[in-house]
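J.: Here is what each chain is made of, one letter per residue.
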Amino acid sequence: MFKASIKAEIMNEALNALIAFLDEAKFDLNTDGITTKAIDPSNVAMVDLKLSKAAFESFTCDSAVIAIDLIKLSDVLGMAREGDLIELELDEIGHRLRVSYNGITYTLSLLDPSAIRKEPKIPPLSPPCKVIVDGAQVRRAVKAAEKISDCITLGTKGETFYLEAAGDLDQVKLELTKDKLIELTTTQEVKSTFSLDYLDDISKEVAKASEVIIELGKDYPMKMKFKIANGNGDIEYIIAPRIEAE
Amino acid sequence: MFKASIKAEIMNEALNALIAFLDEAKFDLNTDGITTKAIDPSNVAMVDLKLSKAAFESFTCDSAVIAIDLIKLSDVLGMAREGDLIELELDEIGHRLRVSYNGITYTLSLLDPSAIRKEPKIPPLSPPCKVIVDGAQVRRAVKAAEKISDCITLGTKGETFYLEAAGDLDQVKLELTKDKLIELTTTQEVKSTFSLDYLDDISKEVAKASEVIIELGKDYPMKMKFKIANGNGDIEYIIAPRIEAE
Amino acid sequence: MFKASIKAEIMNEALNALIAFLDEAKFDLNTDGITTKAIDPSNVAMVDLKLSKAAFESFTCDSAVIAIDLIKLSDVLGMAREGDLIELELDEIGHRLRVSYNGITYTLSLLDPSAIRKEPKIPPLSPPCKVIVDGAQVRRAVKAAEKISDCITLGTKGETFYLEAAGDLDQVKLELTKDKLIELTTTQEVKSTFSLDYLDDISKEVAKASEVIIELGKDYPMKMKFKIANGNGDIEYIIAPRIEAE
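Residue numbers (numbering that gives the first Met the number 0), protein chains in the order written: chain U, 0 to 245; chain P, 0 to 245; chain Z, 0 to 245.
These aren't lab readings, by the way, just hints derived from the structure by calculation.
For clarity, every value in this text was computed on a predicted model and none was experimentally measured.
Some hints here could point you the wrong way.
Because identical chains share one entry, a pair is satisfied inside a single copy or across any pair of copies.
[Claimed, not checked] Cross-link-like lysine-lysine pairs, in silico, BS3-like; alpha carbons within 30 Å at most:
id	residue 1	residue 2
1	Lys142	Lys71
2	Lys36	Lys179
3	Lys207	Lys6
4	Lys156	Lys71
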């Protein structure tokens, strides 16, 4: 069984982190909270979301695996305002999730968890560089890059972390020296390029986090980690680099 | 002759109630005010609007019947702000209406009243159930229903008034027990289904009314009545039910 | 060399005055400031912009002629907010302009000035009528005219300045008697008609000017002059009339 209530803004925060590149997802519900791990259809971006029971106003759950149409759920939450309490209740026999707020009850049919694509095993990653930065800076650089190109390069040079993009004729660059970063730890100069298709949606969520941990390498997958739900939730994205033939 | 002035927000309130499903309408202007009665091209929804002379800041009229392109009139009022005084003057010889506000005068040609479709005679309706409810509740249920279906069912069960919709897989329901209603008077359980095509536009207007009188039956036309123009105007909609083959 | 900084809102004000009907423009940079003179591809509207060095927070320039893709520059400035300081620096060897704000640096390639269309010599104009009016009035009349027609007529009758438009069936008119004008000087009644394609975009800029000098004649080009950049810039538009066969 699963019965919980959560503030609308926290539910939306978690949901939006997934919708960045997923239409549907499988969730593990257990006594401690909710987790999901999913990869986008093109195998470029992976998300690992943990929402502890402390993120909820009330939470009663034994154990269940459910799969949800995220677009439909997000649509149904569209009329909820900040502070509204969203009540969730699983109808295991009917394979449905009841979502109620402000007196209106939606009964949504669930998807078959076995029909959701499994996340592939990811070999352990150990990027040599770690940057901690205000998420708003990442968002600004991504928006600027979009005016010029369809990809963005993140890298370090000495004690500077930079985000840059180059189009056929124009360039854009945001340089953040160590004093503008929360932390910069690196054993070598790194540089990897990522598709803005993914970074655009992801950076909208990242923008709200005051501390984003970015782990980078040379033409290597990037990790981005940050807290949601007032510290009661964790998001980790892994994004594959775009490797151009030289 | 007809010469009047009215606050922009009241004129828009009356106009929007008609534009919900009409592009043009015929108006009876007389010494007491303005009335119009019209039916949509598909014969599904009828509106009866009465705007008493007290709704106007000034009102001088003997008697006239005019027909107006509502879309054009609404467009011309688009730059008016709350509190602006709209001045109206009929040029009977030129078949034109002068609409002035903020120093700008629009001279709009009128339509030929005989070219406007006549409203059919409606047999007298006596729905067995009467609900009085805050219009905002109706609007919320309609918006929720639209996420799931293209029609909405209104009904009563015991002392509860409900609005619900069902799609192929999902459902949504708003239940209002008697204590959440202003009034509920019913001699039997009732239930009728209506197209959201009509209810969507109508409920935008209903939403602003703190008291909407809904009269309902079993697969029977619904009446919705409410006041506009600070109590100086009356709107009554009659909406035909959608009757599904069973 | 050219190196300058300017408040975002002033840079946008100047840029928008050009973008009203131009995609690219040639700029004369000199020790006193920046000037540009350009005509739209259809030869209907001309703009003459002067931005003195006093409009800038800092300004160092000897002499240069550069050509800029205005749409791209405007796009790049899209994330700047009121009060942001825009830093500009010309890289003459690389034929590039560096635009920086909030830590982000864009490097934009310049166009070849010789590829930009030259403005034709304009014979000296001496319209017989001069009106000084609040720019917001002009904007209001243009917006009202657009609901009815694709052109607008400006003229005087006695001591009244009017803006009017007529469609097939409807008319709209804004009359401004001398007491509602800042100045009206005329030796004869004048009347000229202009395409709203041009007046729409131009009037958005005009709207912000509390004093616009309009010079008019009979089926004669119109001049519109106003200050920008807190008085440190001048815009002059010349717009050709639309002359209908009678």
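J.: Between lysine 36 and lysine 179, at a C-alpha cutoff of 30 Å, which is it: within one copy, between copies, both, or neither?
T.: neither (32 Å within a copy, 43 Å between copies)
J.: Cα distance capped at 30 Å. Does lysine 156 pair with lysine 71 within a copy, between copies, both, or neither?
T.: between (44 Å within a copy, 29 Å between copies)
J.: Indicate which option fits the pair lysine 207, lysine 6 if close means a Cα-Cα distance not exceeding 30 Å: within, between, both or neither.
T.: Both: 17 Å inside a chain and 27 Å across chains, each within 30 Å.
J.: Since the copies are identical, ignore which copy is meant and state whether lysine 142 and lysine 71 lie within 30 Å (CA to CA) inside a copy, between copies, both or neither.
T.: This pair counts as both: shortest intra-copy Cα distance 27 Å, inter-copy 14 Å.
Of the numbered hints listed earlier, the single one contradicted by the structure is hint 2.
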